[in-house]
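Asks: Here is how the chains run, residue by residue.
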Amino acid sequence: MDIFLAAIEVLARWDVLLALLVGSIGGVAIGAIPGVGPAVAIAILLPATFSMDPIVGLTVLLGIYGSSMYGGSIPAILINTPGTAVNALTTYDGFPMTLRSEGRRALSLAYSASFFGGIFSVICLIALSPVLAKVAPMFGAREIFLAALLGVILVITAHKGQMLIAAALTGFGIFLSTVGLEPVKYTRRFTFDQSWLASGINLIVVVLGLFALSQAFLLLTMDDEKIRTPRARGSLLQGFRELARHPRVASIAASFGVVMGMVPGVGEFTAQFLSYTSARRLSKTPEAFGHGSSEGLIASEAANNAVPAAAMIPLLALGIPGEALTAMMLSVFYVHNVVPGPGLFQTQMDFVVALYLALLILNVLVVVFLLVSTGWLVKLTQIPNRFLGMCVLMLSFVGVYSIRNSAVDCCIAAVFGLFGYALKRLNMPIVPIILGMVLGNIMEVKLRAAMNRVKVPWDFIDRPIAFLLFCVIVMILASTLWRTIRDWRTPDRRSPARKASARFIRRIAGRQTRHFDDRLKIQRRRRTYDHMGS
Amino acid sequence: MSLETDLRARTRGAGQILFVAAFLGLSVILLSQIAAQTAWIEKARSFAAQPRFWPAVALGTMVVSLALHLWQMTRRRPRREDWQEARRWLEPVEYAGWFMAYVFLVPWIGFLPMSLALACGLSWRLGYRSVRWMALAAAFALGTVLLFKGMLGVKIPGAVLYEALPDGWRGFALQYL
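Top to bottom, those sequences are chains A and B.
Using full-length UniProt numbering, you'd call the opening residue of the first sequence number 1 and step up by one each time.
Using full-length UniProt numbering, you'd call the opening residue of the second sequence number 1 and step up by one each time.
Don't take every hint at face value.
[As the list claims (entries may be wrong)] No more than 20 Å apart at the CA atoms, straight line, and that leaves these computed lysine to any residue pairs for SDA-like:
1. 424/A x 156/B
2. 185/A x 452/A
3. 379/A x 132/B
What the hints contain is simulated information worked out from the structure, not anything from laboratory work.
All values reported here derive from a predicted model rather than from experimental measurement.
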């Protein structure tokens with residue numbers, strides 16, 4: 001109770017409350033604009049938050065992170081374009097409802113499910129805090145190294161169908177984190193005798209280049225689309241009543257969100273996918289999924305909104321970010337000399353609980369804001385792409401230049417912007433680079449510290465948590481290898497014309513076989529007849 | 001098509017071979033420089049304390065995974081559509097030029113004048129030439145400057161041009177614009 005009161009004291013400041021309001025409203029608005037997304041907004045705002053108190057800066061960023069998915073459901077439902085990447089599944093059931101003139105019902109369901117997911121995960125976190133406070137100190141250097149390694153492996157294996165590219169990009173991120181002076185012997189690594197590379201490559205500059213500038217370039221080179229928002233009828237409150245009729249779907253979805261949010265490198269997509277498929281399996285009307293099912297909408301929205309709060313667990317308890325947005329938030333901690341990790345739960349529990357409470361209040365603020373401003377937010381979807389690109393380009397300058405007023409940083413950001421643009425055009429993932437940079441740095445420091453106490457290899461995993469993490473890593477690697485071998489097919493390198501001709505020959509051959517089969521049957525029948533007749 | 005395959009991201013085919021080959025080439029060049037660009041310490045306490053260890057892990061991962069990706073690609077010879085896609089990657093170079101010009105001119109001309117110039121100039125270039133869009137672009141530039149420099153106090157230095165302003169205005173411009 002004392003911690004709870006102390007946390008309320010941390011929050012009871014005008015600047016924190018203002019940050020909550022700005023973060024939540026700003027996050028909803030950013031989510032509602034397709035093509036911006038929370039990663040771009042957080043990357044741009046990151047340097048501005050460095051001059052704020054840690055709780056104020058983190059509240060703004062958390063506000064954007066937690067509320068953007070609410071806003072992202074608006075274009076997903078009304079115009080079949082997800083506002084943020086994690087609202088992709090919302091389009092499956094939301095848009096068909098809009099086509100049936102049930103847009104407001106769909107929006108209301110999305111808001112209520114998101115609210116349930118958000119509140120559920122914060123309550124879970126508050127309930128889990130005492131356990132985390134006990135478990136977190138058991139994590140020493142080798143456990144944190146293994147947890148970071150697990151994060152890296154999960155980031156790679158989560159990109160099914162693109163695992164090799166994800167591995168290469170993670171390796172690139174780790175490589176970027178090693179450039180500059182190494183911290184023990186102060187030798188130079190890959191600086192090519194350039195003084196501007198001696199201090200290394202700044203994470204924020206890379207983040208701004210890969211997320212903000214590349215998005216600006218993408219928007220600037222796009223065509224503008226004419227967007228027609230359909231008319232929607234009904235009350236925005238009806239979804240709350242409807243949600244009460246599906247408590248099982250909502251609870252299971254939110255639980256998936258909490259569990260998947262806690263696992264580094266997994267995130268919203270897996271949570272949504274698992275909750276959606278389980279909801280479909282448990283539903284009495286599975287055929288309605290994908291055609292405007294209220295259960296499907298609840299499953300996807302409750303799951304993705306339960307993730308942000310849960311994603312704070314590995315960040316706060318171990319100092320390990322699970323995805324790009326929490327990786328960006330980690331830099332806010334470092335700037336203010338607040339070291340997230342086991343010590344935070346022992347020495348600054350009030351700060352941790354204050355963050356959870358901020359998330360709780362945020363969800364209430366967002367729902368109230370959405371109930372009164374949905375009509376206005378819909379208009380944001382109509383901002384032309386290229387004009388939006390100009391806005392993002394200008395804001396990216398503020399983000400990069402305000403770090404240390406360096407034109408070199410801006411050049412590096414522009415180069416990463418062009419690199420990110422090519423990655424986005426190719427539909428390759430960007431997140432592995434950022435996580436590689438952050439986790440690579442953590443792994444280097446922790447492995448070096450851990451190896452000082454290790455005499456034989458077995459010593460590395462002689463503690464229970466280290467052994468458990470090691471077993472999980474081995475299991476994931478073994479299952480991934482097994483799946484890869486099972487699904488392996490030799491690549492078909494023939495030209496499209498050759499493939500088409502081979503397909504045609506197969507089809508003809510099939511006909512011939514059937515033709516001969518038929519002939520054989522006829523002959524056999526005749527023979528039988530003959531035999532009978534003889 | 002199942003939900004899983006529907007949601008799974010697929011790498012675009014056009015341009016992939018050029019990107020992978022270039023990225024692999026860069027990785028191999030960097031790996032070949034590892035001896036010259038990193039130090040090897042004879043009396044290091046463990047392999048993890050070697051400054052060369054993590055760059056080797058990172059570059060090794062890059063080379064192996066990109067080589068495997070290249071090996072299992074169905075098409076390993078660039079076609080016309082690959083070069084067309086590569087040309088599209090150069091399209092944003094123009095906007096990167098606008099961005100860098102903005103970066104170099106802000107310390108001379110000032111954050112507010114340059115923001116107004118960039119917003120209106122780029123909007124004009126993009127085809128938003130009506131008074132309405134120009135006004136919106138100018139309002140956005142003004143709002144950005146007032147929010148970030150005026151209210152949040154982000155570190156963007158005052159311009160050389162502001163030194164020419166009268167005394168009363170100079171301090172205000174250097175602080176807030």
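Asks: Hint by hint, say whether it matches the structure.
Replies: Each hint tested on the structure:
{"no.": "1", "hint": "424/A x 156/B", "in the structure": "violated (30 Å)"}
{"no.": "2", "hint": "185/A x 452/A", "in the structure": "holds (16 Å)"}
{"no.": "3", "hint": "379/A x 132/B", "in the structure": "holds (16 Å)"}
Hint check: a violation occurs at hint 1 only; the rest are consistent with the structure.
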